[in-house]
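Top to bottom, those sequences are chains D and S. Under my numbering, the residues of the first sequence are numbered 1 to 114, in order. Under my numbering, the residues of the second sequence are numbered 115 to 228, in order.
Just so you know, these hints were derived from the structure itself, not from any lab. These figures come from a predicted structure and were not determined experimentally. Among the hints, erroneous ones may be present.
Simulated pairs of lysine to any residue, SDA-like, Cα-Cα distance not exceeding 25 Å [unchecked claim]:
id, chain 1, residue 1, chain 2, residue 2
1, D, Lys60, S, Gly170
2, D, Lys77, S, Leu197
3, D, Lys60, S, Tyr215
4, D, Lys68, S, Gly117
5, D, Lys52, S, Glu216
6, D, Lys52, S, Gln158
7, D, Lys52, S, Leu209
8, D, Lys60, S, Leu195
9, D, Lys77, S, His143
10, D, Lys77, S, Gln155
11, D, Lys52, S, Gly170
12, D, Lys60, S, Thr116
13, D, Lys77, S, Leu209
14, D, Lys52, S, Thr116
Okay, the calculated bits of chain S under chain D, using three or more residues with CB under 8 Å as the criterion [stated by the list, open to error]:
id, segment
15, 125-137
16, 152-161
17, 218-226
Beta carbons: idealized from backbone N, C-alpha and C, even for Gly.
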Amino acid sequence: GNSVTQMEGPVTLSEEAFLTINCTYTATGYPSLFWYVQYPGEGLQLLLKATKADDKGSNKGFEATYRKETTSFHLEKGSVQVSDSAVYFCALLFSSGSARQLTFGSGTQLTVLP
Amino acid sequence: ETGVTQSPTHLIKTRGQQVTLRCSSQSGHNTVSWYQQALGQGPQFIFQYYREEENGRGNFPPRFSGLQFPNYSSELNVNALELDDSALYLCASSLAQSGAYEQYFGPGTRLTVT
Numbered sequence: 001g002n003s004v005t006q007m008e009g010p011v012t013l014s015e016e017a018f019l020t021i022n023c024t025y026t027a028t029g030y031p032s033l034f035w036y037v038q039y040p041g042e043g044l045q046l047l048l049k050a051t052k053a054d055d056k057g058s059n060k061g062f063e064a065t066y067r068k069e070t071t072s073f074h075l076e077k078g079s080v081q082v083s084d085s086a087v088y089f090c091a092l093l094f095s096s097g098s099a100r101q102l103t104f105g106s107g108t109q110l111t112v113l114p
Numbered sequence: 115e116t117g118v119t120q121s122p123t124h125l126i127k128t129r130g131q132q133v134t135l136r137c138s139s140q141s142g143h144n145t146v147s148w149y150q151q152a153l154g155q156g157p158q159f160i161f162q163y164y165r166e167e168e169n170g171r172g173n174f175p176p177r178f179s180g181l182q183f184p185n186y187s188s189e190l191n192v193n194a195l196e197l198d199d200s201a202l203y204l205c206a207s208s209l210a211q212s213g214a215y216e217q218y219f220g221p222g223t224r225l226t227v228t
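So here's chain D without its partners, still in its complex pose:
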């Protein structure tokens, strides 16, 4: 079946530190991959996406590259800010019949200290 494994948190960094959150997946075929971010008390916001191997998604300084050979989609940011504190979810999108559904990892809590 399809599944997503994320590095376990919580992760605590100082402002301006480098961030990596690991994500690996298991899937049949070639799913699209996404990172979503959830701020306290809110729904999920789409952060970035990649739809095929070697694609790099990027947004707000965050980047992730779709690596088919390692089935990975690690999230990186060169210099985190306090405002980046949130829970980050890696997800894959696959087709089941005519539906397209997201399968999520368990999330990684990031806290950035000033």
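Go by the hints and put chain S onto chain D.
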């Protein structure tokens, strides 16, 4: 462009009762998906609606049901509530014809079953 909205924000119900949650999709989107997010977990796919019909379902019992209306808004109904149904319920809308099938989430409805 109007984003995804959900109502109510919070809800408290008693075990055995029934509940209806509502979702208005983002302008121009024709597909609605519902997810259940238990505390500290990633969202789990419940089902998806397209053209007013359910076109995919996750591992949830039949007491979880839904509707989609001609204006693409949607309802999630849960009968015979159980304590384990306590969760954040997220609605996501998307455009079936788009290439990457991004799903955009609403703020969620927090359901507490006592």
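Q: With a cut-off of 25 Å on the C-alpha distance, tell me whether Lys77 of chain D and Leu209 of chain S pass.
A: violated (29 Å)
Q: Three residues minimum, CB to CB under 8 Å: does the segment 125-137 of chain S make the cut for coverage by chain D? Let me know.
A: violated (count 0)
**Q.** Pair hint outcome, Lys60 of chain D versus Leu195 of chain S [Cα-Cα no greater than 25 Å]
**A.** violated (41 Å)
Q.
If you count the residues of the segment 152-161 of chain S with a beta-carbon closer than 8 Å to a beta-carbon of chain D, do you get 3 or more?
A. holds (count 7)
Q) Does Tyr215 of chain S lie within 25 Å of Lys60 of chain D when you go C-alpha to C-alpha? A) holds (21 Å)
Q: Compare the distance between the alpha carbons of Lys77 of chain D and Gln155 of chain S with 25 Å, and conclude whether the hinted pair is satisfied.
A: holds (23 Å)
Q.
Would the hint linking Lys60 of chain D and Gly170 of chain S be met if the CA-CA limit is 25 Å?
A. Violated. Lys60 of chain D to Gly170 of chain S sits at ~33 Å, over the 25 Å cutoff.
Q.
Against the 25 Å threshold, does the CA-CA distance of Lys52 of chain D and Leu209 of chain S hold or violate the hint?
A. Measuring from Cα to Cα gives roughly 19 Å; hence the hint holds.
Q: Would you check the hint for Lys52 of chain D and Thr116 of chain S, treating anything up to 25 Å between C-alpha atoms as holding?
A: violated (29 Å)
(Q) Against the 25 Å threshold, does the CA-CA distance of Lys60 of chain D and Thr116 of chain S hold or violate the hint? (A) Holds - the C-alpha atoms of Thr116 of chain S and Lys60 of chain D are around 22 Å apart, at most 25 Å.
(Q) Does Gln158 of chain S sit within 25 Å of Lys52 of chain D, going by the straight-line distance between their CA atoms? (A) Roughly 24 Å separates the two Cα atoms, so the pair holds.
Q. Holds or violated: Lys77 of chain D with His143 of chain S, Cα cutoff 25 Å?
A. violated (31 Å)
When each numbered hint is compared with the structure, violations occur for hints 1, 2, 4, 8, 9, 13, 14, 15.
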